[in-house]
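Dock chain B against the given chain A, drawing on the hints supplied.
So the protein sequences, as listed, match chains A and B. Be aware that the first sequence starts at 1, since it is given in the working numbering, and climbs by one per residue. Be aware that the second sequence starts at 1, since it is given in the working numbering, and climbs by one per residue.
Where hints are given, some of them may not hold.
[As the list claims (entries may be wrong)] Partial list, computed: chain B residues near chain A (C-beta under 10 Å):
#1 G3
#2 S7
#3 L11
#4 Q37
#5 Q41
#6 Q44
#7 A92
#8 Y95
[Stated by the list, open to error] In the BS3-like style, the derived pairs of lysine-lysine whose C-alpha atoms are separated by at most 30 Å in a straight line are:
#9 K30/B x K107/A
#10 K3/A x K69/A
#11 K3/A x K13/B
[To be verified] Chain B is nowhere near these chain A residues, computed Cβ spacing over 10 Å in every case:
#12 S9
#13 C12
#14 A13
#15 R16
#16 A17
#17 P21
#18 N23
#19 T26
#20 H49
#21 N53
#22 I63
#23 K107
#24 I113
Calculated directly from the structure, the hints in this document are not laboratory data. In this text, a Cβ means the ideal position worked out from N, Cα and C, and glycines have one as well.
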Amino acid sequence: DAKTTQPPSMDCAEGRAANLPCNHSTISGNEYVYWYRQIHSQGPQYIIHGLKNNETNEMASLIITEDRKSSTLILPHATLRDTAVYYCIVRPLYNSGGGADGLTFGKGTHLIIQP
Amino acid sequence: DAGVTQSPTHLIKTRGQQVTLRCSPISGHKSVSWYQQVLGQGPQFIFQYYEKEERGRGNFPDRFSARQFPNYSSELNVNALLLGDSALYLCASSYRQGTNTEAFFGQGTRLTVV
Chain A
1 DAKTTQPPSM DCAEGRAANL PCNHSTISGN EYVYWYRQIH SQGPQYIIHG LKNNETNEMA
61 SLIITEDRKS STLILPHATL RDTAVYYCIV RPLYNSGGGA DGLTFGKGTH LIIQP
Chain B
1 DAGVTQSPTH LIKTRGQQVT LRCSPISGHK SVSWYQQVLG QGPQFIFQYY EKEERGRGNF
61 PDRFSARQFP NYSSELNVNA LLLGDSALYL CASSYRQGTN TEAFFGQGTR LTVV
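Okay, chain A solo, but in the shape it has when bound (with noise of 0.2 Å):
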């Protein structure tokens, strides 16, 4: 099961920040923080990561909590492009066990950027 929350669906206006919540309470100290998303019928795509500080790429920033049990992810300026499902996963830093490192996906948010 996945360990994190997100609500189903949300709306943004387009050229407005998308503020995307993802609740995961029982994360692990050795455990990162991953945001994909999925545009229709496409394969997902990685957008970035973090442990426990803020990150920033060309796509996005990453706000994680202090005491790491909450994250968000920023789309600064959205468009309507970036409609999509975005999906919150926690994942080890190192699968030390040599065991599979398959990605836990749950049922994501459904952003809709609206013209």
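Chain B in isolation, oriented as in the chain A frame:
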């Protein structure tokens, strides 16, 4: 560079038949994972292969099997197809297993079982 490529993009099979789906990872990537995504749900992990060995599988029946070839490409086989196997099958590649490297997904194969 080419991304992860999957073939075919769509196919229709009859209940009880067998199907083989193919995946070519990004050049240099040695780990391939397979996921099943039914309508309205997030992708569910099926298998991971690394260096041609199965490293783990999700909660799927033995009708699902896979293998990885010396060039790191992979095939997913599903036997005795059921209507419930209708889904988007996604392949993801990563540089290696066991580290927090991001996975790159293909566009998927849409399987319809009738």
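So, as I understand it, the hint says A92/B touches chain A; can you test that by seeing if any CB pair is closer than 10 Å? Hint holds; A92/B Cβ to chain A Cβ min 8 Å, cut 10 Å.
Classify the label on S9/A as holds or violated, using whether its beta-carbon is more than 10 Å from each beta-carbon of chain B. At roughly 12 Å from the nearest Cβ of chain B, S9/A sits farther out than 10 Å, so the non-interface label holds.
Verify this label for me: I113/A is non-interface relative to chain B, using a Cβ-Cβ cutoff of 10 Å. Correct as stated: the minimum Cβ-Cβ distance to chain B is 20 Å, above 10 Å.
Verify the interface restraint on L11/B: the C-beta must sit less than 10 Å from at least one C-beta of chain A. 15 Å, violated
Could you check if Y95/B really has its C-beta closer than 10 Å to a C-beta on chain A? 12 Å, violated
Just checking, A13/A versus chain B, shortest CB gap more than 10 Å? For A13/A, whose nearest Cβ neighbour in chain B is about 26 Å away, the distance exceeds 10 Å, so it holds.
Verify that the Cβ of N23/A lies farther than 10 Å from every Cβ atom of chain B, and report whether the claim holds or is violated. The assertion about N23/A holds, with a minimum of 16 Å to chain B.
Non-interface claim for H49/A versus chain B (Cβ beyond 10 Å): At roughly 7 Å from the nearest Cβ of chain B, H49/A sits no farther out than 10 Å, so the non-interface label is violated.
Is the nearest Cβ of chain B still more than 10 Å from the Cβ of K107/A? Per Cβ check, K107/A is inside 10 Å of chain B; nearest 6 Å; violated.
Does G3/B pass the interface check with chain A, least Cβ-Cβ distance below 10 Å? 9 Å, holds
Status of the stated non-contact between A17/A and chain B (beta carbon gap over 10 Å): Given that every Cβ of chain B is farther than 10 Å from that of A17/A, nearest at about 24 Å, it holds.
Between K3/A and K13/B, does the CA-CA distance stay at or below 30 Å? Since the Cα atoms of K3/A and K13/B sit roughly 35 Å apart, the hinted pair is violated (cutoff 30 Å).
Of the hints listed earlier, those the structure fails to meet are numbers 2, 3, 8, 11, 20, 23, in rising order.
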